[in-house]
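Residue numbers 1 to 197, in the UniProt record's numbering, belong to the letters of the sequence shown in order.
Derived by calculation from the structure, the hints in this document are not laboratory data. The beta-carbon is built from N, C-alpha and C at its ideal position, and this holds for glycine as well. Check before you lean on any hint, since a few could be wrong.
What the hints assert, rightly or not - Here are the computed distance ranges between Cβ atoms for each label pair:
1. K189 / R130: 43 to 51 Å
2. A82 / E113: 44 to 52 Å
3. D193 / M81: 20 to 28 Å
4. D95 / C117: 19 to 27 Å
5. T105 / G54: 15 to 23 Å
6. E37 / G146: 20 to 28 Å
7. A40 / D119: 36 to 44 Å
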Amino acid sequence: MYTVIGAPKNRTFRVIWMLEELGEPYERVKVKQHTPEVLAHSVIGKLPVLVDDGEGVSDSAAILTYLADKHGKFTAPAGTMARAKQDAVTFQVLDDLESVIWIATRHGFILPEEHRCADLKGSAKWEWGRNLKLVEKRFRGPFVMGDDFTLTDILLTHTLGWAFGAKFPFESDVLLDYMKRMGERDAYKRAVDSEKA
Numbered sequence: 001m002y003t004v005i006g007a008p009k010n011r012t013f014r015v016i017w018m019l020e021e022l023g024e025p026y027e028r029v030k031v032k033q034h035t036p037e038v039l040a041h042s043v044i045g046k047l048p049v050l051v052d053d054g055e056g057v058s059d060s061a062a063i064l065t066y067l068a069d070k071h072g073k074f075t076a077p078a079g080t081m082a083r084a085k086q087d088a089v090t091f092q093v094l095d096d097l098e099s100v101i102w103i104a105t106r107h108g109f110i111l112p113e114e115h116r117c118a119d120l121k122g123s124a125k126w127e128w129g130r131n132l133k134l135v136e137k138r139f140r141g142p143f144v145m146g147d148d149f150t151l152t153d154i155l156l157t158h159t160l161g162w163a164f165g166a167k168f169p170f171e172s173d174v175l176l177d178y179m180k181r182m183g184e185r186d187a188y189k190r191a192v193d194s195e196k197a
């Protein structure tokens, strides 16, 4: 059984969603970052952490990739052109969307006030809007990679939800519809319920 270490309402949700999609059992340890439970498996102390057979791995994208590869689901096979294209979109989501939201969030309330840049959010919203249009061009079907649900859908949906909650511009009917459809998946709903437990 897997152990997922991570507090609610953060990137831990991605790991829980993936495990629900896979139908794999897991236990969840809800703690904040840099606690002894986290540091025992992650030297940097960040969440989430997945523990498998006593070994821990951190970073939600790395965890999703590990789980998808291990179980042979929700990813194209490593070393194929399909995987290279999937990775390209995955990295675009992380680099062009998530990083913009993350920097705005950090300057909004995470960093000490003396290190925050108050004018940053306006620039981040502009960059988000531009990058969102580029991601929209990647769509090849009902899922971002075409006909098959992949780990990239988990990353993109979570990032879109984060942006929506942060009131970032959302001028894409395609992505709004996509986000709604992803939220209707049974595994997504179970992951949401896990956040509340």
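Status of the hints after comparison with the structure:
1. K189 / R130: 43 to 51 Å: violated (32 Å)
2. A82 / E113: 44 to 52 Å: holds (46 Å)
3. D193 / M81: 20 to 28 Å: Violated, since D193 and M81 (Cβ atoms, about 37 Å apart) do not stay within the stated range.
4. D95 / C117: 19 to 27 Å: Cβ of D95 to Cβ of C117: about 20 Å, so the range 19 to 27 Å holds.
5. T105 / G54: 15 to 23 Å: Taking Cβ atoms as reference, T105 and G54 lie about 33 Å apart, which means the hint is violated.
6. E37 / G146: 20 to 28 Å: violated (39 Å)
7. A40 / D119: 36 to 44 Å: holds (40 Å)
The structure fails hints 1, 3, 5 and 6 (numbered hints given earlier, in ascending order).
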